[in-house]
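**Q** Chain residues, written in single-letter form:
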Amino acid sequence: MNRDDAKNILLLYRPDTVDVVDPQVTEALSLVKQDAELAAWLRELGARQEILRAKFRQIQAPAGLKEQIISEQAAREKIIVWRRVAALTAVAAAVVVLLTLAVFRFQSAGNDNTLALYQNRMVGAALRVYTMDLATDNPVQIREYLKQNHAPADYVLPAPLEKVATTGCAITSWQGAKVSMICFRTGKPLPPGEQSDLWLFVIDRDLVKNAPSAGPPQLAKVNQLITATWTQGDKLYLLGTEGDEQTIRKLL
Amino acid sequence: MAKGLDFESLVSCHYQSLYQFAFSLTRDEADACDLTQQTFCIWAAKGHQLRDESKVKTWLFTTLHREFLGARRKQVRFPHVELDQAAAELPVVPAISLNQLDVSQLLAALAHLDEIYRAPVALFYLQDHSYLEIAEILEVPIGTVKSRLARGLDRLHDLLTGKSATGTPSRPTDS
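Taken in order, these protein sequences are the chains called Z and R.
With my numbering as the guide, the letters of the first sequence map in order to residues 1 to 252.
With my numbering as the guide, the letters of the second sequence map in order to residues 1 to 175.
Simulated from the structure, these hints should not be mistaken for lab results.
Hints should not be assumed to be uniformly reliable.
To be verified - Which residues of chain Z face chain R? A partial, calculated answer using Cβ under 7 Å:
1) R14
2) V18
3) R48
4) L52
5) F56
6) Q58
7) L65
8) I70
9) Q73
10) K221
11) V222
Stated by the list, open to error - When the alpha-carbon atoms are kept at most 25 Å apart in a straight line, the in silico SDA-like pairs for lysine to any residue are as follows:
12) K178/Z <-> W230/Z
13) K57/R <-> D22/Z
14) K66/Z <-> A109/R
Said to hold, decoys possible - Here are some chain Z residues the structure puts well away from chain R; computed CB gaps all over 12 Å:
15) F104
16) L115
17) A125
18) E144
19) I226
20) G243
Note that the Cβ used here is the ideal one computed from N, Cα and C, for glycine as well.
Whole structure, please, built from the sequences with the hints as guidance.
**A** Following this line, the structure appears as structure tokens:
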């Protein structure tokens, strides 16, 4: 190592730091002990470096910087906490809304099974253009057909209704269960293409919510038909025809 | 994990040296405060990822330096001119006695150095870090740190006193 090499190494040398354990620094310092000119250069360099080091160290952070950093961080953390609370609140609100919707839907699904809907659906079936599964004026055949197809067949007709001519039957469904649809003709003139003007629907009573308990038939206008609804035994009966209450009372 | 470090204690320990480094780089009090504060803000958000607590100081300085470089990149870039070529055009830093030097003159001279020399020179004089740590902070090899320092210190002495630190001819450009 010559003098210039030593200068290059010692230029980066900082006394009283870990630099002193650097083997190259150690070697350069040993050369300094033997070279008076190098030693003088190092003293001068050291003095200059110390002055500059002191100048850098004179840089002082403004008063209050530390407190500002700490207080702003605390404020930021509060905001973060509030954001988390807000986010959790939003999630909780969303869950409540979803649960409400689910409950509402569940209740709606339950409400699908009410007597009013049943009446509406069955009257709608009667008013639509439908095809009878069996066209016959023989009530025994109708009952037999319904029985074979596992639809309610052990129904009991009111005495006046027994006297009305049947035209056939069909099997429809309600909430997955079979409903017997017995078609009659009262004898009034019918529009072209129509075969029936009176319909009786029979279903197991337990399958319809709010079905009336045993008692006199309940009369109600549903869509274009006047209807009578009653329970007998384990069956729910729905009779519908065009006309008014008087018209249907005569059939009960 | 450095999760257990108390934020206030950490700030108390390091804000002064971080500010000195930031001010050396920016020469602006507000910018230096912002950089220092931003560094601790990043620590608060990401410091828990640091596994070795002994590296906290280096982590803070590295973060500050990255933030400084990031901020610089966003500024309008001026054409880069080698110091040797532009020396005659630079404002003259009068060759004065170092004893009469004040901090603003020192930092003005530092600002005349090419950007790659400023951070290592500042860290050299602040004397808070070994060369290995400076290399980690600047994210360059230790050999590069030493070559930049040698050239930077020589230039700084030249600007302040009119003569180089070693008295040797100008060094080759940094690798």
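**Q** Hints the structure violates: just list their numbers, smallest first.
**A** When the structure is compared with the hints, numbers 10, 11 and 14 turn out to be violated.
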